[in-house]
Structure formats: C-alpha cells, structure tokens
Amino acid sequence: MIRRYIFPLFRSIYTILLVLAAVLSACVWFFAPFIGGVEWRPFDSVMSRLITIGVIFLLYFIIIAIIFWRRRRKDKEMTEEIAEAVDTSEDDVLSEEIGELRGKFKDAMKELRKSKGGRRHLNDLPWYIMIGPPGAGKTTAIVNSGLQFPLAEKLGKAAIGGVGGTRNCDWWFTNDAVLIDTAGRYTTQESDAEADNAAWLGFLGLMKKYRKRQPINGAIIAISLSDLSLQDEITQKSHAAAVRRRLAELREKLGVRFPVYVLFTKADLIAGFQEFHDSLGKEDREQVWGFTLPLPKGKKDAAPIAGFDEEFGLLLGQINAQLLEKMQTETDHQRRALIAGFPAQVASMRGVARDFLTEVFQDNRYEQRQMLRGIYFTSGTQEGTPIDRLMLGMAQTFGIGRQAIGTGQGTGRSFFLTRLFESVMFPEAGLVSADDKVERRYRWTRRIAITATVLVAVAMGALWVRSYLKNTDLIAQAEGQVAAYQAAAAQLPPSPVGDTDLVPVAAALNNLRDMPGNPVLSDPEPDGAMTYGLYQGEVIGTQAAQTYRAALNQRLLPRLLVRLEQQIEGNINNPDTLYEALKIYLMLGLQGPMNQDLVKEWMRLDWERIAYPGIARNQLRADLMDHLTALLSQPMEEIALNGPLIAQAQNILSEMPLAQRVYNGILNSQKATSLPKWRITDVGGPSVKRVLVRSSGKPLNEGIEGIFTYDGFHNVFLPEAVSVAERVHREAWVLGEQNEAAQNKAVLLKLSRDVLDLYYNDYISRYDQILGDIDIIPLESLSHAVEVTNVLSGPTSPVINILTDVSNETRLNEDKSLLDASTLAAGAQNVAAIEARSNLSIQGQILLEALVGSAENAPGQAAKPPGAYVQERFQWLHDLVDRPEGQPSQLDDLMGQLQQVYQELNKMSFSGVATGGQSGQALLQFQQTASRMGGPLPRWATQISAGSSGITSEGTRASINARWQSAVLPFCEKALANRYPFNRSARADVAMADFAKLFAPGGMIDGFFNDQLLKYVDTRSRPWTWKRVNDVDLGISPAVLQQMQYAAEIKEAFFAGGAQPAVQFQITVNALDPKAKEVVLEIDGTKVAYNHRSGAPTPVAVTWPGSVGLARITLLPKKRDAENAMSRDGPWAWFRLLDAAEVRRTNVSDRRRVNFRVGGRLALFELQSGSVINPFALPAMAKFSCPKSM
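If you're matching positions, the sequence shown starts at 1 in the UniProt record's numbering and goes up one per residue.
None of these hints come from the bench; they were simulated from the model.
Quick caveat: nothing in here was measured; it's all calculated off a predicted structure.
Check each hint, because a few of them may be wrong.
[Said to hold, decoys possible] In silico DSS-like pairs for lysine-lysine, Cα to Cα no more than 25 Å straight-line:
no., residue 1, residue 2
1, K1027, K1015
2, K253, K237
3, K212, K74
4, K750, K864
All chains, please: the whole structure from these sequences, using the hints.
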C-alpha cells in the first residue's frame, strides 16, 4: 500500500516541497517558542508563529510558481523548436500544407495544456521513439493501438499524425506517453543518405536539448513480417544493419541505455492469421502476443537473442494447444485448412526473425549491448495479401508459380497492440538509464545535496548537543558556585557586623560574581556554542545577579561602614581626612548624594596603602574593587549609621575655618590631584641631573603639585574657586548645616578672599622652597668642573630652563584665562556675559565680584587680576629672564660670564697648567655679578666659584709641582745631596758654580719661586704663609714654603753682591795663648798674623770665596810633640775650619767669637760679617733640603 499510494506522492517536487513546508511549520509552532532567552523570545506569541508559518508557505508558493513557470517555458520552447524543425519545401502547395500543419501543432500544444490530463508537462511523460524501414506499419500500429489521444476530438487523428511533417516524423500525444513515429528514411537512409543522416542527428539533438537526463524511455523497432519474408538475404541484412546503426546512434547521441521493443508488424499477412484469430473478442485482441525477455543482470549474461528459440517455441506451443479447438469450430473447409496450417506458417517465420534479430542485437566488442526487452507480433489493420511461406518455399525450390491465398480484405481490427503499449511498455518507462554525464552531474548534485543536508543536520545536531552539554555544565557550575558561596558565607561572623576583614568576604562574593551570565558588572556575551535556542545563562544570570546584589548589601556594605567608622575615629585630629571619611560614610549610609568615583578612589587608596598593601594582594584589591563597583551601581540598602560619631565629627569639623576646609577640598579634588606635577627634571632639560642636586636630599623628580602651576591656577583652581559657594552649599550636608546664613553675600566674599590668600601663600611658598632647595652639584675634579660649567652655561642650561619656567608659572595675571584682567576690571557689569561663557551659577557670580574686590589695593584704583600678588612677588625673576626688545636678559649675561669660566677651566684641563690667574678673574667677575641678582643665583654662583676655585687651585698646585719636579728638583738634588755645607758631615763640597746656579738671584730656586709661587705667598709674614685664592688654599704644604724661605735667606746671605756668592767680613785677633808667640790665619789667600810684640791687633778685611781654596791656622813656635796647625781645603774650606773651631755669639748679631784650639794652645778671634745676615751663623744652611714635591 505504501509503495502504491505513498511513494508515488514523493515523485513530485511539489509534494516534497509541501511536506517540507509542513514540517518546518510544525517545528515553528511547537519548538520555536523555546528559542531565545529570558528577555528575548521572538516566537513566544501565537501571532509571531503564525506570521512565520505564513512566510514559509509564501516562500513555498513562490518556489512552486518559479518551478512551474520554468517548466512551462521549457515546454513552450521545445514545442516551438519542434514546430520550426519541419522541413521546408520549394513546392508552394507543400509549403502551404507544412505551414498549416505547423499552426495546427501549436494549437494542439495549447489544447493539450488546457486538457485535464495535459497539465502534466511534456517532460513528465515518457517518450518512446519508433524506428523501422518505410512501410513497416509504424503509424498503423500507433493509430490502431487503442490508446487515448487527447487531441483527437478537436483536431482529428489525421491532423495529429501529420504534425512534424510526414517526411520527418509524427508526434503522437497520448494521456500516458509521447510516441515519436520517425520517417522510414531515417532508419534506412537510402534516398539521400547525407540529408537523411543530418536530419536524423538533428532530430536526436533536439531530443537531447530538451530532455537532457532521459531523452527517451524506450525504442520500438517496427519490422513488417511480409517485407521480411519477401526480401532477399542482402536486403534483410541491410535493413538489420540500418536498424543496428540507428540504435547505436540513439545510444551514443542520447547517452542513455534504454529498453528496445521489437514489433513484428503485419502479422495478419501470415497465412491463416485471420482465420485463426477471427473468433477473438475485443479483450482478447488487446492482449500481448509475443514474449518479454528477462532483465539483464550483468555483463556476463548471454546475448539477449540467445533465448529467442526457447521463447518462440513457447509461442508455438500455445498456438498448437488452441489448434484443435479452432478447427472443430470452423465449418469452412478452406478456412479450416488455413487454421490447420497456421502453426506451421508461424514456425516458418522463426528463422527469418532470428536472423534479423541476430544481425541487430548480436554482441560486438566495439559496440555496447542493447537492452532487448521483448519481441512481439502485432497487426494494425488487415490489408494486403497473406503470404504462404510454405508454398513460397516450395515454389522457389521446384520452380512453381506463387499462389495467392485469400483476398487480403481486412476487418479493420487491431490485434495484440493495446496492452502491449499500456501494460508492457509504458509501465517500464523507468528502465531507461539517465545520460551518463547528466546522471553523473545529477548524482553528484544529489550526493552533494544529501551530504550537505546530512552535514547540516549533523552539524545542527552536534551544535545542539554541544549547546545542551555546555548549558548543563553551566547549570552545574552555577550550582557549584552557589554551594561554594553558601559554604563561605557560613564561615562569616553573623550580624550585626563588627569586623572589617574583607578577605573572606571577597572570597565568598567571588563565587557569586563569577557565576555564569551574571550581568551585574557587565553584560556578558555568551559563548556561541551555548546558544542555538538553548542558552540558560540569562536565567542563571538573573538569579545570580539578585543573589549577588543581596550579598553585597548584607556582607560587604556593613564592613565598609565599620571601616569608615574606624577611620573617622582615628582621624579626629586630622580635619582633612576626617571630612573626607565622614563624607564617604554618609554617602554609603545614603545620607548624602552619591559620588561613585570619590568612594572608589577612597577605598582604593585605603586598600592599597593601609588595609591590603603589597603586590601579593593585587588580585584581592582588584576583586574588592569589582564588588564595590557592583555595590555602587545598584540600589543599596539603608543601614543605620553611628549617630553620635557623626555628630562628634561634624562638631569638630565645624570648628575648622571654612576657608581652610574649602581650600583643602579644592586641593584634594579629583581635578587637582590629576594634574601633572611641576618637576625640575621635566623643565630643566636632559642634563639637569648632571649639574643640580637638592640640598634637602629629595630627588629632583619630586616636584610641586600641579594645582600650583599656571594651568592649575587658571584651569582648575579658578573654576573651582569660582564655584566655591556651590561647593559649600553642595557639601553642607556633610556637616549637617541647614541654615542659609552661611550662604549670604558677605560671607561668600570673605570666604573667597580667604581661599585666594591661602592659595597665594602656598603658591609662593612652593616655588621659594624649591628654588632654595636647588644646589649646584659639588665639583669633584677639574674635568667635572669643566663638564658642569659647560652644561650650566650651554644653550640648554638647566638654570635658564628652570628659572624661565618658574617665571612662566608665576606670571599668573597674563591673558591666558577666561578671568583675565579686563574681565575682572569690568566687575559686576560683565557677570552675565561671563556666566554665559562659563556656565557660572549665581554663587559663582558672587565669587567673581569677590575676586575683583580682593584684587583692589585702594579705593579708586583699578582691580588687579587674579594671581597679580604672586606675579609681583616674583617680579625679580621676571626681570631676570625677560629679554627686552630681543636684547639679552640679565640671566643671559650671567651665563655668558659663566661661559668664560668654563673656557678657562677647559684650557686648564687640556694643558694641565693654570692660566695665570685668568680663571680666577673670570670666577671673581661671575660671582660679583651674581651677587647683585636675586633669588638663588648668588648662592649658586658661590657654589660654582668655590668649587671651581678649589679645582683651579688643585690644578695650579699640580702645574707648579710639575714645573718643580721637571725643572728644579733633579739639579737641586744632584748638586746638594750629600755635599757640604748642606750636609756638615759630607766629604764632598757643593760646587760653587752649582751653589750659585741654585741660590743666586734669578737662579733656579729664586726664579722658580718668583714665577710660580710668589703670587701665592705672603712674604711679609714670618714665617712665610700661603695666600688664599678665592678663599681656597693652593694646597701646597707649609714645609715646602719653609724651604723656599730658607733658600731666600741663603740667597740674601751669600749673594748680596750679585750672581756669584760673595761674603765680606773682618776678622780680628783678640787674644793669643801665652804658650804661643805668634798665630797666622790664612783664609783663601788672605793672611791674618799676630804676635805678642805686634801691639794691639787690627781687623783684617776678608772676601770669601777667594782664589786659593784653603783655610789654615798656624801657632808658632812649632812644637815637636804637639799639633802646631789646623787646615781645611776646598771651596768651603773657611766654613769647614769654622766648624772645627768654637764659635760663640755675642751681643751683636753680626759678630761672633771664634776660638781655635791647636795642640793645646788657644787663639781667639772676632768675626764681624758685612751684614746682619751672618752667613757664618745661618740656620737655613743646615735646614735646607730640596722638596720632593710641591
């Protein structure tokens, strides 16, 4: 039943689409309401589903209409092309007939489409092509087949049969199939082979064009038994070969394997046919006479013609079985004889038919096997003379003439046709294969479609399964987190809350915050794999949000309030912090307007600096901030606050000056604290850290708050100050102030002035302090001094940059703000205009008047703009950096002098030699110029000068030392070392030339001292002392200076007369031992003699050194047993002889007593030098040594 009634329904695309539309509509109706979330379910209402179903069916009808229209168009194109394919002819009569037939064909198509059964498209009907040689009875078989021709009533059979041209083919339209009766010449192609073949192939192309997949459903071969019996063997084979070629061409050109039905027509011309079958009724005549071959199962099957003999034998058996009965019922002897011979006549056709079929269907390795479906015998109409094949064979054998059998006058009845078409051929329309190429394309199309459908179905199923599983996991995760929260919450202390420990609270709240779909902190976008109509995140998220909000109010908010109470109690003596803590406390207690940013910033600072500091707690602070944000973004529960604590804090804050409180509020405002700080490192330039330090030890990048800058003053402080009244009014709730007296004009005016005064004082103090805290970096070496002075005096001097920027920051009354001088001078008359531009309130306008009033110095004087007080205090700085008319500023001139200092230091650095005081002069001039300027410049100049002078002195000492060690020291050590008189025990003497070279005026030591040291030595003091250059010592040891003084004393003692040593003195004999009669003293060639008889001794003048180089004293008379003389030789002989004597001081500095004891006898002399600097009693001679270094 299903195969018979259900399956046929699904052969139509219309039915399939209708079922698909119905299924989709059912899905929309029953399942679509579950698509979506809590807030969005597009198919929840009946109307939306009905509209969707309506759209589905509308699309169904549109698709059906498109398919129907395309099929009708294709049918129309096919019929028009078939009509146009009719052969034209130059014969006017024939052309007229053809035109008429073409018109009738088009009318027939219209009528066919209008008829009840004609609504089936031509492509939906099976098509059969009938081929065979001319006169084979093809048309007769169709006309007398008993089939229903829908157009017969209106157009007649003749009109139908002529459509397509009798010279080409006839198209027969039945209710169940289309039969194409081809012209016999198409089969044999004997008259005009080339034209007939072209027409035949053109016809096949036309079939292929409009029926690509199955151009035909079968082929019918019509062969006349009479022709087959009368033709010779050559003709038979020729016709068989022609039919074989036509079948091969059909197979090749159409590309399909179709069933082939062989009709042996004109069976009525077999002798005895009419007499044998004359008694058959209509129903019997419609039955099939022939046999249907089994369907081939594979390539190894036997050739289709192999079973012909067996099947033909069965036909003969059936005839023989009916023979006796028919003969008994027949009374006419002649007819009885024909009936009796009919089986033999049929049997005689076996060989002819077999030979023909063998020629047509015999297997050939070069051709594909045809599907021979059946072999049938038919009779369309009984016309012509029957053929007695038995007699014909005998006549041909024995040369007897042919005898006619009967007249051949038919009855006009058809035999064995109707059921052949209706019951055998038409039901097997599906046996035809599709065109291999088309079928392959359709097959791949179907495969792709099926695969795509399966993939889509599998993908959708997989997506739904995955979505289901993920949503199941989501629900399980949510349940797990709720359970975790409940477990964590159970560990928290019960209400009322008395602790401030937020660590366990954050851990518990994290479970609720992180629940899937929680929309409190954000609108979570679900994972695409969890959607497809199954997403449960919104349902879970809604519940999670409600639970989370409740937990925030019950667990977090009370602890925040307790923490704020602790902060209020701990800052009772800190009004600024107390005020802010009280404000936050009242906000969270819903007793004041909420400022979320302020609350979050307060809590962030508390958690970051006090409660939970450190990198290890970054995540904890982030979690707490998330929970605080969620708390503030929802309606909070009102919790009872600590009233006495609030009252105590308000009373304390009320005692604080209002101006100070407002001023602190401005400084601590978000706008003020967000301003960038003014830093030395930002304005000083890239080299500032190389040349500057802070005396307090603070880093250079620790600057001044941004509120104390030009931008801070004009862009933040003034707008905030202008709205100070609004601030007082807006935050009056913090102190519980309800009276309006504090809002009157007089109070606001005084308040405004006080706030400005506080700000100005702090502004000036900030820059005074930082300028006073900046120092020049200590100079460590000459190269460092060069580097520092170079940077300080260079084009990007940090000093210039800093002072210039400070000057800019303190020019507060310049026209860079809305509230400039002209605006303020206009006073109250311009309040409305200012309000329009700055959106000031009435209180703001009052403050504007206060600013004007505060800027007035005396009655009648013009009002000063805001900031004028600060600018006046730093006028010294503005004068210092201003460049009038492009001229260098005072600071530029000072830096020019510092540049000269740098150049002198740089020269010293390269040469290693001091520049003879020029650097000192440059430093002195620089310091003197800076001392006349204000601010930190004198201090900085002193630091530079002191540091540079110290570095210069060190360089000078190094230079002097280098000169000494290279020019003097080597000769000095060589000339004096271990030589007399500088080493009294030395045997060798200092050469007089060397002595003169070293100690003579202008000599090596004197010249070095005069060139290198004299300017640094105070020679007027005794002993000599070093002078301080720029308050800095040269750094040379005083011992060195003492040696220089000894050298100077030696020079004065020995070189009073010139470049050569020359000592003049007198020597007188004072007494002579009585044991001696005479004494003779020889000094470098000068003799001093005395005897007792000489009388009073007289002084003898002596000049040392002499030319002899000998000093000797002799006592006379000589004694044999005693020493009589004592002598010394060498350039220093006299000094050596004196060393051997006893020299005593006298009351006179230039006189000495010299006692010589020789051989027990004594001679006394008096030595009087020519100067008070007595070279014979000079300590410098014994103390002098060559200094190793300066």
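Structure-based check of all given hints:
{"no.": "1", "hint": "K1027 with K1015", "result": "holds (8 Å)"}
{"no.": "2", "hint": "K253 with K237", "result": "holds (24 Å)"}
{"no.": "3", "hint": "K212 with K74", "result": "holds (12 Å)"}
{"no.": "4", "hint": "K750 with K864", "result": "holds (17 Å)"}
Against the hints set out earlier in the document, no violation occurs for any number.
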